[in-house]
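Student: Okay, here's what each chain looks like letter by letter:
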Amino acid sequence: MLSRSVRNSIKSQSIKSMKLVPTSAKILVSHETINANLNKRCYSVYNKTNYNKNQIKFTNVSCNFNYNLKRFNSTSVKVPPMAESLTEGSLKEFSKSVGEYIKEDELLATIETDKIDIEVNSPVTGKIVKLNFKPEDTVTVGEELAVIEPGEAPAGGAAPAASDAAPTPAKEEAPAQTQAAPAQTQAAAPAASKPAAPTPKKEAPPAISLEEPVRTTSFSRNENKIKMNRMRLRIAERLKESQNTAASLTTFNEVDMSAVLEMRKLYKDEIIKKTGTKFGFMGLFSKASTLAAKDIPGINGAIVDDSIVYRDYCDISIAVATPKGLVTPVIRNAESLSVLEIENEIVRLSTKARSNKLTLEDMTGGTFTISNGGVFGSLMGTPIINTPQTAVLGLHGVKQRPVTLPDGKIESRPMMYLALTYDHRLVDGREAVIFLRTVKELIEDPRKMLLF
Amino acid sequence: MNVFFRIGDKFSDKLYCPRLIHFTYIHTYIYIYINIVLQALTLQTVSSLIKKEKSGPSIMLKNYIAKQVTSDELRTLITCSGRFVLHSVSKDPYDNLALEDYLFRHTPLPESTSATSVKNNRLFLYINNPCCVIGRNQLLWREVNVSRAIAQGIPLVRRLSGGGAVVHDWGNINYAHVTTRDGFTRTEFTTKLVRWLVERDPTTLYSRLQATDRGDITLDGTHKLGGSAFKIGARGRAYHHGTLLVDSQLDQIKGLLQSSQGIPGVTWTGSGVDSVRAHVTNLPGSHSVTSIWETITMGFQRDFAGSANNHVPPNSSSHISQHVPVYSCNASKLQIAEVQETAQKLRSADWVHGGGPPFSVHFGPPQTMPERNVAVRHGIICATDIVGLALGTPFAEFCRTSRAVHGLGVDSL
Numbered sequence: 001m002l003s004r005s006v007r008n009s010i011k012s013q014s015i016k017s018m019k020l021v022p023t024s025a026k027i028l029v030s031h032e033t034i035n036a037n038l039n040k041r042c043y044s045v046y047n048k049t050n051y052n053k054n055q056i057k058f059t060n061v062s063c064n065f066n067y068n069l070k071r072f073n074s075t076s077v078k079v080p081p082m083a084e085s086l087t088e089g090s091l092k093e094f095s096k097s098v099g100e101y102i103k104e105d106e107l108l109a110t111i112e113t114d115k116i117d118i119e120v121n122s123p124v125t126g127k128i129v130k131l132n133f134k135p136e137d138t139v140t141v142g143e144e145l146a147v148i149e150p151g152e153a154p155a156g157g158a159a160p161a162a163s164d165a166a167p168t169p170a171k172e173e174a175p176a177q178t179q180a181a182p183a184q185t186q187a188a189a190p191a192a193s194k195p196a197a198p199t200p201k202k203e204a205p206p207a208i209s210l211e212e213p214v215r216t217t218s219f220s221r222n223e224n225k226i227k228m229n230r231m232r233l234r235i236a237e238r239l240k241e242s243q244n245t246a247a248s249l250t251t252f253n254e255v256d257m258s259a260v261l262e263m264r265k266l267y268k269d270e271i272i273k274k275t276g277t278k279f280g281f282m283g284l285f286s287k288a289s290t291l292a293a294k295d296i297p298g299i300n301g302a303i304v305d306d307s308i309v310y311r312d313y314c315d316i317s318i319a320v321a322t323p324k325g326l327v328t329p330v331i332r333n334a335e336s337l338s339v340l341e342i343e344n345e346i347v348r349l350s351t352k353a354r355s356n357k358l359t360l361e362d363m364t365g366g367t368f369t370i371s372n373g374g375v376f377g378s379l380m381g382t383p384i385i386n387t388p389q390t391a392v393l394g395l396h397g398v399k400q401r402p403v404t405l406p407d408g409k410i411e412s413r414p415m416m417y418l419a420l421t422y423d424h425r426l427v428d429g430r431e432a433v434i435f436l437r438t439v440k441e442l443i444e445d446p447r448k449m450l451l452f
Numbered sequence: 001m002n003v004f005f006r007i008g009d010k011f012s013d014k015l016y017c018p019r020l021i022h023f024t025y026i027h028t029y030i031y032i033y034i035n036i037v038l039q040a041l042t043l044q045t046v047s048s049l050i051k052k053e054k055s056g057p058s059i060m061l062k063n064y065i066a067k068q069v070t071s072d073e074l075r076t077l078i079t080c081s082g083r084f085v086l087h088s089v090s091k092d093p094y095d096n097l098a099l100e101d102y103l104f105r106h107t108p109l110p111e112s113t114s115a116t117s118v119k120n121n122r123l124f125l126y127i128n129n130p131c132c133v134i135g136r137n138q139l140l141w142r143e144v145n146v147s148r149a150i151a152q153g154i155p156l157v158r159r160l161s162g163g164g165a166v167v168h169d170w171g172n173i174n175y176a177h178v179t180t181r182d183g184f185t186r187t188e189f190t191t192k193l194v195r196w197l198v199e200r201d202p203t204t205l206y207s208r209l210q211a212t213d214r215g216d217i218t219l220d221g222t223h224k225l226g227g228s229a230f231k232i233g234a235r236g237r238a239y240h241h242g243t244l245l246v247d248s249q250l251d252q253i254k255g256l257l258q259s260s261q262g263i264p265g266v267t268w269t270g271s272g273v274d275s276v277r278a279h280v281t282n283l284p285g286s287h288s289v290t291s292i293w294e295t296i297t298m299g300f301q302r303d304f305a306g307s308a309n310n311h312v313p314p315n316s317s318s319h320i321s322q323h324v325p326v327y328s329c330n331a332s333k334l335q336i337a338e339v340q341e342t343a344q345k346l347r348s349a350d351w352v353h354g355g356g357p358p359f360s361v362h363f364g365p366p367q368t369m370p371e372r373n374v375a376v377r378h379g380i381i382c383a384t385d386i387v388g389l390a391l392g393t394p395f396a397e398f399c400r401t402s403r404a405v406h407g408l409g410v411d412s413l
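Those protein sequences? They're chains A and B, same order as listed.
With UniProt numbering, the residue at position 418 of the first sequence is 418, and numbering never jumps.
With UniProt numbering, the residue at position 85 of the second sequence is 85, and numbering never jumps.
Just so you know, these hints were derived from the structure itself, not from any lab.
Don't be surprised by glycine CBs; every beta carbon is placed ideally from N, CA and C.
Treat the hints with care, since some could be wrong.
[To be verified] Using 25 Å as the maximum straight-line C-alpha spacing, the simulated BS3-like pairs for lysine-lysine come out as follows: (1) A:278 with A:265; (2) A:227 with B:345; (3) B:345 with A:225; (4) B:345 with A:96; (5) B:333 with B:345; (6) A:103 with B:345.
[What the hints assert, rightly or not] Chain A regions said to be covered by chain B (calculated; three or more residues, Cβ under 8 Å): (7) 84–97; (8) 114–128; (9) 358–372.
Hey, can you work out the whole structure from these sequences and the hints?
Tutor: So this is what it looks like as structure tokens:
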């Protein structure tokens, strides 16, 4: 039971001092009182230095005893012997992490060596206290792999969420809590919810601690925790990265849509008859943006390492809502397409998106984004930049508003708010405002687009 | 008998020797003649035997009947102690692997750990449709030419045991030997397998087949006939499974696995297990898959027979119960939930693409300029310096569609 160092230290003590040592059990319990007794009894007999030496050894011994006791509470999982005379392997992965609960015989780790795949199962049910290696480390047979503290997983849903699979919704908690009020069922409820899938948080109150008065009717307090799938996690990471790297600012402007709406009313049917294209105003906005970007090339550029890349082509990403979520297909070379050609492209890409046939090439590599929140009825908003682009133009809802015209009259016009979020590292405020103003002017009088 | 008298008569007519010499002459001649005759007789038999062997491999008649079992019977069979051979009728690689895993996990350990207790050794034989199978901890795109496999409609499988990449087809027999962990060695089964094959066809195979210590079967030390992989479970069980090329169409298989030099311009970093590449060949001599299948079954029956420990199937006829029994089932039609779940997991893209360790790819000259890196974890791109490539894209999709967009002109990925 005693380690070699402790045994040696005991052996090295003189026999007289050994006789004074009481049985090992008593050492563990109260080594301080024993020292105190020694102090009282032996102070006159031994000289000071001798006694101090003994005392120091004594405390060493008792400290070791305590230390050893603590260690025996946990189970140490060792690397199991592998086939034949193989002694080393490469740890591939731990299937659980520190702090999680593992059941007896559940898979803890996998080791691979020379075509042999070895599973290491847990010998006890308990909580994982320590994992000694990282994946891809070399482990030798007999080395300690993990330390598990035996014990049952605590009752009532305080077990931390362990599994990777989406935990089943905590429906068991709802009936448990509805029955919480009567005191008799409080003991039964945590027992009923214990065999359920691990419930999420420690803060989720177990039924026992509720002190609210009895209610005749209770409302559902369901929580449905679904683990984010990896794509979502990466997208979230990317968006956050965009926020962190770009110095994003938004500038607003409003545009009088009467000219565009009138143009649309005039030519819509003719265009459908002639080319089959549905004439919206995304094409007009794309055209206006590409023309304005000729004046402000920074809007269409990007920061790569420590240089700015300016492009003479403009690939516009259009935000399209599909049942699966938001996708942004790209219209290549929008600056060279006519308005109707852009409209055609948009229709083609959105049908592709809705039938889930968009390829990755369709979705990556845009230089500028236009997002239309107006179809859902927004008034104003700040769109977010898609890295590594520099700017995004947000269109919002067209609403009739009373505006003051340049000659002083007040009329009700269909107005739309425009928002341009831009990266200030590349584009200054003045440039962004000029860009947006140019877009506004081109939309308010589409004939101007002919000139540039 | 007449011969002696005749000789005696002849000599007695012609010789004018004293009686003693006469007598010895006769006897010597008789002795010599007996010897010559006897030797001639033995020579004849030996030569006739040799002639028989030279005429071709000895035909060992199949002496077992494989009994069809239902799902419930199979479940009982596996969980009760006893040895048997299991044949799989199904050719679906995922279902066969799932059944193999089920067999591994539910084979009972022997009741006592003494040396005299007999282990429950089981043999599982199956043949797969053409497919590419990689080890559990390998990098899929480094081992297999995924685009070519998909174009040819060949499924990709990541098995649960370690080891390297192989291609299966109908000329390849897969075997799995389930046993206990105590005393498990990588060579115990392959040495027996080699012995069964050599016994079947000694003239062509004698001293040409070898079982290496890595568990492979080689021909003349240069070509590989079969590879192996192993799995040890901590509950005291282990299995050794492997392939045996009997009649494979090797030309069609070539090109599905990436070459050992890799793709020029593509460097892989990561701790995935490398395949040890070797020249492969079929078993020499024209054997059919069925005959080798029978040889292996009968060899296992002979070598692992043990009177008290064979699983005696109910309602069996007595002559079968003295050998190890043989059963057959269809892994795809089993109604065992665990088998179906494992098969589902093996089919999922998450496991096939994302099951290996994390790795990163470096695309560089001569194929692509400028150089680019992609880091992949669980099959999803988690870091890259390619502008415009969204994180969270599955690596499989990236390989399939967008490499050209980013100027990464690498084929055969």
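Student: So which of the earlier hints does this model not fit?
Tutor: Hints that this structure does not satisfy do not exist here, as all of them hold.
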